[in-house]
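Trainee: Sequence:
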Amino acid sequence: FIEKLQNEINKDITIDSLENLTLNIYGRDLVLVDIDGEKIAIEIESNEIIEFDNLNNFWSYIDAFINSSNFGNTHKTILYLSDKINLIPKRQVIKMLEAVVNNEQIYWIFSDEDVRAFVLSMFEPIKNGINQELKKTIEKML
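Numbered by this note's numbering, the letters in the sequence shown go through residues 26 to 167 in order.
No lab work stands behind these hints, which were simulated from the structure alone. Among the hints, erroneous ones may be present.
[What the hints assert, rightly or not] With a Cα cut of at most 20 Å, we get these calculated PhoX-like pairs of lysine-lysine: (1) 152 with 115; (2) 152 with 120; (3) 161 with 120; (4) 115 with 161.
Remember, it's a predicted structure, so these values are computed and weren't measured experimentally.
Put together the whole structure using the sequences plus the hints.
Mentor: Okay, here's the thing in structure tokens:
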């Protein structure tokens with residue numbers, strides 16, 4: 026499998042490069058690797074690589090969303106993250122959904138089309154696997 030990863034993403038991956046194996050919100054495997062400081066997320070299903078991307082700026086965008094202090098920042102992070110939902114570990118998505126409820130900056134602009142669509146894209150796949158209170162709160166918002 027490591028050879029397959031090497032060929033597919035054109036990087037020298039070793040067993041020591043593998044940092045974490047987790048699930049994304051769609052229930053697919055998400056392998057996080059570190060190759061000489063370059064962090065890459067690889068989505069895998071049935072031993073096939075679905076998608077991969079460099080995560081070096083990725084975590085800062087997730088943190089920026091969770092801790093958003095202004096509307097512009099929220100829209101900027103959504104623009105960057107919206108097509109990468111499948112590469113975000115499920116536990117991080119749950120933290121992001123909690124921020125939708127707890128962060129006033131996000132809460133106030135929830136009705137903006139891009140914010141609502143982004144939240145929905147995170148919420149729908151995992152709504153039955155999250156805290157019931159969080160689920161009910163987001164359902165009321167939707």
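Trainee: Which hints, by number, does the structure contradict?
Mentor: Going through the list in order, the structure violates no hint and respects every one.
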